[in-house]
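**Q** Listed here are the chains, written in short residue letters.
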Amino acid sequence: MPQSTNSGFSAWLKRDLLLAYRRRGEAASPLIFFVMVSTLIPLVLTPEPTRLAMVAAGLIWIMALLATLLSVEGLFASDYQDGSLEQLLISPQLLPMPLLGKITAHWLTTGLPLTLASPLLGLMLSLPTSGYLPMLCSLALGTACFSLTGAVGAALTVSLRKGGLLLSLLVMPLYMPVIIFGTATISYAIDGLNWLPPLAVLGALFAASVALCPLAVAGALRVTSAH
Amino acid sequence: MSQLPLLNVDNLAFERDDDCLLNNVNLSLNAGEIVQVEGANGSGKTTLLRLLTTALQPSAGTIFYKGRALAECRYQYLSDMLYIGHQPAVKLTLTAEENLRWMVNTEAGVKHGSNADPHGIAAALAAVGLSGYTDVPCYALSAGQHRRVALARLMITTATLWYLDEPFTAIDKQGVSFLECRLQEHLDQGGAVVLTSHQDLTLKNLRNYSLSSQAGQVT
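Quick mapping for you: the protein sequence lines, in order, are chains A and B.
For the first sequence, this note's numbering gives the first residue as 1, with consecutive numbering after it.
For the second sequence, this note's numbering gives the first residue as 1001, with consecutive numbering after it.
No wet-lab data here; the hints were simulated from the structure.
The model shown is predicted, which means the values in this text are computed figures rather than measured ones.
Note that beta-carbon positions come from the ideal geometry of N, C-alpha and C, so glycine has one too.
Heads up, a few of these hints could be off.
[Stated by the list, open to error] Sample of chain A residues with no beta-carbon within 12 Å of chain B, all distances over it, derived:
1. Ser10
2. Ile32
3. Phe33
4. Gln93
5. Pro119
6. Ala200
7. Ala216
[As the list claims (entries may be wrong)] Which chain A residues face chain B? A few, computed with CB under 7 Å, are given here:
8. Arg23
9. Leu89
10. Met124
11. Pro128
12. Ser130
All chains should be modelled from the sequences, with the hints used to inform the complete structure.
**A** Below, the structure written as structure tokens:
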């Protein structure tokens, strides 16, 4: 049984990664958005390093959030439209594992590239050097939380024609703690404080999301697909 | 004791937003039988199939599988069932071979726990006339060929109960007769089929189930 439950996870992970690879341009759009907006900020705000450094942490997090929000909407949309989501719902598999595979694929194609590209943004927003490592750690955990909780919203709104706004309203409150502790991790580090406590809270949020979100997504899909 | 019907549907009803879409559906299906659900467009054929597949929850009534209520044997029922819906669940950016492999894996799920055998996949695609197209992305294929990719599952599956929603859509004449042969073969092996179609079928043990007369007239 454990081996076969895993097969649902890896089958969906591989499939979604393959789908993302075949549509590279589309899959890269959150990353491009992330980089593009952050090149504009020094132009519109101020190119002065000391003033930019004050807001850098917050801006990076807001952009990471918006970039994820843009992409999470389509997490189940195409599967819903072409009927493959229905095939999953009526398969004798345990739902949370394949869904976790899908969410993992989403993080690998959005959250991970964002995290890896973030030092570049740190450079453009003149983030102090002490902030880089905390930024990488907190973004890796935080974007995973974004993908997981965003999936719940995407599952709840999948049957709606224009669920985008509703999705944002639904998941935004859940994103608040992540963004608060994420920015705290970076700003603590810049101020020379111990940045591990806020990172630990992020880790706890991530652990809770991994455990609960796939179950919530499965429940939400069962409810929405009944219409 | 093979007297017990494979599937027994008792007083099934389905409402959506206080609209009664299906009412008082009674249906019994033995091994080796095929039921063709008929009815006008919008009479609830797809809804009935989706209720049978458990994708929808009925608002009243019970489905019995081999004499047991579905709630007791849900896992076994789902393992023995195959559903090909109105949308063929074909991903346009994947090739025919990748699509079929993924469908078979999803269907098998916990039942086999292993990946589908590549020879079986190739043979199934060849059987439905897609032998030259296995490595072509599905966006380059026609609607009928998409349907054929989905129908290739019928070559591989070990399921007993087949629910096919308009399987003949966009399929050419040869394809239709081939599919009929496959259905007959499945029935002879003790399987059972419920399908919706507007085609006239020439199969043994075929029964028609008319929705318009059973579910109450449309007002």
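**Q** Does each hint hold? Answer for all of them.
**A** A quick look at each hint next to the structure:
The claim that Ser10 (chain A) is not at the interface with chain B is violated, since a C-beta of that chain comes within 12 Å of its own (minimum 10 Å). Ile32 (chain A), annotated as away from the interface, keeps every beta carbon of chain B farther than 12 Å; the closest lies near 20 Å. Distance check on Phe33 (chain A): its Cβ is at least 22 Å (rounded) from any Cβ of chain B, clearing the 12 Å threshold; non-interface status holds. Distance check on Gln93 (chain A): its Cβ comes as close as 4 Å (rounded) to a Cβ of chain B, failing to clear the 12 Å threshold; non-interface status is violated.
For Pro119 (chain A), the non-interface assignment is confirmed: its Cβ lies about 32 Å from the closest Cβ of chain B, beyond the 12 Å cut-off. Non-interface status of Ala200 (chain A) relative to chain B is upheld: no Cβ of that chain comes within 12 Å, the nearest being about 36 Å off. For Ala216 (chain A), the non-interface assignment is confirmed: its Cβ lies about 19 Å from the closest Cβ of chain B, beyond the 12 Å cut-off. For Arg23 (chain A), the interface hint holds, the least distance from its beta-carbon to any beta-carbon of chain B being 6 Å, beneath 7 Å.
Contact between Leu89 (chain A) and chain B, as hinted, is supported at the beta carbon level, the nearest pair being about 6 Å apart and thus within 7 Å. Of the supplied interface hints, the one on Met124 (chain A) is violated, with its beta-carbon coming no nearer than about 34 Å to a beta-carbon of chain B, more than 7 Å. Interface restraint check for Pro128 (chain A): the shortest CB-CB distance to chain B comes to about 43 Å, outside 7 Å, so the restraint is violated. With a cut of 7 Å, the hint placing Ser130 (chain A) at the interface with chain B is violated, because the nearest CB-to-CB distance is about 43 Å.
In summary, the structure is inconsistent with hints 1, 4, 10, 11 and 12 from the numbered list given earlier, while agreeing with the others.
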